[in-house]
Amino acid sequence: MNHDRHHPGEHAGSGNEASMQQDTLKDPVCGMQVSTESPHHATHDGRHYWFCSTRCRDKFTADPVRFTVSDPQAENGSGSAHHPAHSVHHPDRPTHSVQTATSSEMPADTIYTCPMHPEVRQGFPGHCPKCGMALEPIIPLEEEDDSELKDFQRRFWWTLPLTLIVSILAMAGHRLGWFSMATQTWVELVLSLPVVLWTGWPFFVRGWQSIVHRSPNMWTLIGLGSGAAFIYSIVATVAPGVFPDSFMSMGRVAVYFEAAVVIISLTMLGQIIELKARSQTSAAIKSLLGLVPKTARRINADGGEEDVPLNHVHVGDLLRVRPGEKIPVDGIVTEGGSAVDESMLTGEPVPVTKRVGDPVIGATLNTSGALIMQSEKVGAATMLSQIVQMVASAQRSKAPMQRMADVVAGKFVIVVVLIAIATFLVWGLVGPEPSWVFGLINAVAVLIIACPCALGLATPMSVMVATGRAATQGVLFRDAGAIEKMREVDTLIVDKTGTLTEGRPAFDTAIAAAGFTPDEVLRLAASLDQGSEHPLADAIVSAARAKGLPLVKPADFESGSGIGVRGTVEGQRLALGNTALMDQEGVEVSSLRADGERLRSEGASIMHLAVDGRFAGILVVTDPIKASTPEAIRTLHASGLRIVMATGDGLTTAKAVSAKLGIEEVYGEVKPADKLALVDRLQKEGHVVAMAGDGINDAPALAKADVGVAMGTGTDVAMNSGQITLIKGDLRGIAAAREVSIDTVRNMRQNLLFAFVYNGIGIPIAAGVLYPFTGWLLSPMIAALAMSLSSASVIFNALRLRSLK
Numbered sequence: 001m002n003h004d005r006h007h008p009g010e011h012a013g014s015g016n017e018a019s020m021q022q023d024t025l026k027d028p029v030c031g032m033q034v035s036t037e038s039p040h041h042a043t044h045d046g047r048h049y050w051f052c053s054t055r056c057r058d059k060f061t062a063d064p065v066r067f068t069v070s071d072p073q074a075e076n077g078s079g080s081a082h083h084p085a086h087s088v089h090h091p092d093r094p095t096h097s098v099q100t101a102t103s104s105e106m107p108a109d110t111i112y113t114c115p116m117h118p119e120v121r122q123g124f125p126g127h128c129p130k131c132g133m134a135l136e137p138i139i140p141l142e143e144e145d146d147s148e149l150k151d152f153q154r155r156f157w158w159t160l161p162l163t164l165i166v167s168i169l170a171m172a173g174h175r176l177g178w179f180s181m182a183t184q185t186w187v188e189l190v191l192s193l194p195v196v197l198w199t200g201w202p203f204f205v206r207g208w209q210s211i212v213h214r215s216p217n218m219w220t221l222i223g224l225g226s227g228a229a230f231i232y233s234i235v236a237t238v239a240p241g242v243f244p245d246s247f248m249s250m251g252r253v254a255v256y257f258e259a260a261v262v263i264i265s266l267t268m269l270g271q272i273i274e275l276k277a278r279s280q281t282s283a284a285i286k287s288l289l290g291l292v293p294k295t296a297r298r299i300n301a302d303g304g305e306e307d308v309p310l311n312h313v314h315v316g317d318l319l320r321v322r323p324g325e326k327i328p329v330d331g332i333v334t335e336g337g338s339a340v341d342e343s344m345l346t347g348e349p350v351p352v353t354k355r356v357g358d359p360v361i362g363a364t365l366n367t368s369g370a371l372i373m374q375s376e377k378v379g380a381a382t383m384l385s386q387i388v389q390m391v392a393s394a395q396r397s398k399a400p401m402q403r404m405a406d407v408v409a410g411k412f413v414i415v416v417v418l419i420a421i422a423t424f425l426v427w428g429l430v431g432p433e434p435s436w437v438f439g440l441i442n443a444v445a446v447l448i449i450a451c452p453c454a455l456g457l458a459t460p461m462s463v464m465v466a467t468g469r470a471a472t473q474g475v476l477f478r479d480a481g482a483i484e485k486m487r488e489v490d491t492l493i494v495d496k497t498g499t500l501t502e503g504r505p506a507f508d509t510a511i512a513a514a515g516f517t518p519d520e521v522l523r524l525a526a527s528l529d530q531g532s533e534h535p536l537a538d539a540i541v542s543a544a545r546a547k548g549l550p551l552v553k554p555a556d557f558e559s560g561s562g563i564g565v566r567g568t569v570e571g572q573r574l575a576l577g578n579t580a581l582m583d584q585e586g587v588e589v590s591s592l593r594a595d596g597e598r599l600r601s602e603g604a605s606i607m608h609l610a611v612d613g614r615f616a617g618i619l620v621v622t623d624p625i626k627a628s629t630p631e632a633i634r635t636l637h638a639s640g641l642r643i644v645m646a647t648g649d650g651l652t653t654a655k656a657v658s659a660k661l662g663i664e665e666v667y668g669e670v671k672p673a674d675k676l677a678l679v680d681r682l683q684k685e686g687h688v689v690a691m692a693g694d695g696i697n698d699a700p701a702l703a704k705a706d707v708g709v710a711m712g713t714g715t716d717v718a719m720n721s722g723q724i725t726l727i728k729g730d731l732r733g734i735a736a737a738r739e740v741s742i743d744t745v746r747n748m749r750q751n752l753l754f755a756f757v758y759n760g761i762g763i764p765i766a767a768g769v770l771y772p773f774t775g776w777l778l779s780p781m782i783a784a785l786a787m788s789l790s791s792a793s794v795i796f797n798a799l800r801l802r803s804l805k
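Position 748 (the sequence shown) corresponds to 748 in UniProt numbering; numbering is contiguous.
Calculated from the structure, these hints are not laboratory results.
Each statement offered as a hint is correct.
Derived lysine to aspartate or glutamate pairs resembling EDC-like cross-links, with alpha carbons at most 16 Å apart:
no., residue 1, residue 2
1, Lys728, Glu631
2, Lys553, Asp538
3, Lys547, Asp508
4, Lys655, Glu597
5, Lys655, Glu665
6, Lys547, Asp519
7, Lys377, Asp358
8, Lys485, Glu739
Can you make the complete structure from the sequences, with help from the hints?
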């Protein structure tokens with residue numbers, strides 16, 4: 001069904017960042033940022049407190065004095081945000097996460113949140129208490145803090161040679177003969193110490209945090225697995241006599257330093273890659289902020305002019321905008337006229353004529369004439385600033401993709417730890433002598449075989465291979481969440497300009513009036529337009545040159561303040577522009593009026609040419625549909641997708657394009673907030689929504705959609721806001737992305753199955769379940785081999801994605 005002039009509605013987000021901060025405060029138990037709307041609250045000594053969870057509330061009510069000695073809610077005042085310069089130490093809060101900041105280090109209103117858990121908010125940097133991920137500012141800081149990335153890179157590269165040496169010694173040291181086996185054990189210990197205790201220290205801290213916060217995660221597994229291997233190996237090195245002779249191998253008790261250091265080095269490499277990728281999530285907002293001009297030319301009361309910083313512009317100031325300059329702020333034209341390119345915000349490829357009384361938008365480009373404007377909205381009130389807020393809000397509101405490994409990680413680690421403890425106790429209490437040594441060895445074997453290598457590689461390996469495969473088809477995935485989610489999409493919203501169409505004006509045809517020929521109309525118009533910088537003029541000149549028509553330099557060229565141009569060519573007085581210009585010239589265009597109206601209804605831009613006061617014909621410029629678009633729309637329709645067009649262009653133009661492509665649901669003249677509201681409405685109706693667009697005006701909707709698809713031929717802001725980029729701007733890539741998504745998720749499930757089958761078989765054997773029947777025990781060496789095999793099976797299975805078509 002068609003939706004004539006229907007707007008999806010204005011952005012319904014309530015409040016702004018400042019009001020959000022005024023309604024948040026600190027949980028007195030864990031220090032997490034919470035809201036007064038939290039259902040978990042309690043009263044003590046006449047004061048009301050809010051909590052992030054029932055557990056924190058119960059802790060508080062059991063011993064309120066313990067948590068109110070230094071009361072952050074009291075310090076900040078009821079309902080005020082925690083200032084980062086007033087960090088408070090809580091008894092249950094790890095001391096390393098308590099940081100103090102001065103006003104010179106960061107803005108007082110900076111709020112940090114977790115990308116995976118948006119409900120975690122605090123006024124200073126740190127790590128998420130739920131998943132251990134580094135927190136990042138909601139609105140990116142002007143100078144990005146990359147200290148953690150640099151720290152991790154330093155730890156990784158300085159200790160990587162040690163990891164390689166330890167691995168080589170473990171695999172081939174007995175053949176190399178550099179040391180006796182007893183000496184080699186001590187060498188491996190010395191070389192492993194910096195890797196484990198320095199490089200791996202952040203992981204052990206996060207693993208400890210996961211235990212303190214009762215939130216088991218992958219850091220718990222990494223800490224336990226690598227820590228168990230390392231501690232066991234130290235004991236085997238320092239006190240080999242405590243182990244039975246059955247654990248001797250090549251003249252020494254088997255040690256597993258290589259398992260510990262390889263796990264830590266690979267994990268650190270993964271963190272470096274992740275931090276680099278996460279640093280680009282703020283690129284969309286930074287690109288938007290980069291559009292704003294740094295200065296404005298202000299006209300003072302005495303008539304003098306001066307260039308002032310943009311933050312010195314106030315509402316009501318008169319500003320001069322010269323040709324080629326950006327409009328500094330939102331306002332209204334008070335003098336002059338020009339064509340303003342608003343495509344960066346509206347998506348409309350044709351510059352909009354601006355005359356006295358017309359509104360102008362900050363950061364748009366004045367292409368031709370000079371303007372004097374009066375500022376009406378400055379700072380955070382401008383349209384560009386509001387789009388920045390919408391993009392940030394959409395990024396925060398998007399629920400993070402829960403990967404399949406994370407769903408089971410918490411329960412898995414608890415089960416593994418319980419099995420290891422049970423193994424130690426059962427062997428120690430009822431096993432053969434030396435029972436406690438057997439218990440220790442078997443418990444370590446359980447922890448080693450349950451090391452999260454295969455589980456941790458299950459999804460990243462699939463994602464790595466899938467992204468490479470997709471890139472060969474012109475599809476770039478920003479993250480694993482997009483790969484997992486794309487297969488579930490049932491509704492696709494597409495922008496018109498630059499997405500369905502080429503996004504730039506192109507000459508279509510010339511229709512001549514009586515006494516003229518089409519080529520003559522094109523030649524004269526192109527000759528005159530050589531003096532114009534308008535994109536429509538460029539399309540006409542390019543078409544004439546492509547046809548080899550001889551162009552003549554115009555004389556007496558003048559711009560008609562956005563309604564057209566005038567000049568002299570070969571002694572003939574020419575006028576080229578819209579009907580308003582023809583009226584000024586007294587030229588009657590009735591002979592082709594019907595053709596012009598028909599072409600306009602089909603989405604074309606029409607210009608009229610007059611020669612010496614006589615109507616010569618019309619020139620038609622269109623934004624052509626991409627050659628690949630019809631096939632792409634047919635393919636997407638065939639796959640069952642509901643396709644909706646939402647464009648800033650006029651509804652007549654939008655309908656003309658949609659009719660050619662078979663798109664029935666159309667929204668025209670929509671603003672960025674309208675597109676965002678449309679996405680939100682469809683999501684609330686239960687649809688999984690993908691948004692495809694190429695402009696800055698699409699950025700909020702791209703960020704809000706379940707999957708944002710940006711055209712690689714569009715703006716950087718759009719590409720940074722989307723999770724998928726189609727390099728060639730070809731919508732057929734969406735169908736390819738869906739196929740990649742389906743294959744990849746299937747592969748992930750297979751990898752997880754492999755990982756759990758190994759654990760399901762290996763853990764009981766490592767625990768000694770078969771010993772009473774067969775006498776078999778799984779030494780830590782065999783456990784490490786099984787762990788390696790499980791990782792290898794995951795890698796080889798993921799590599800199969802390269803050959804799938």
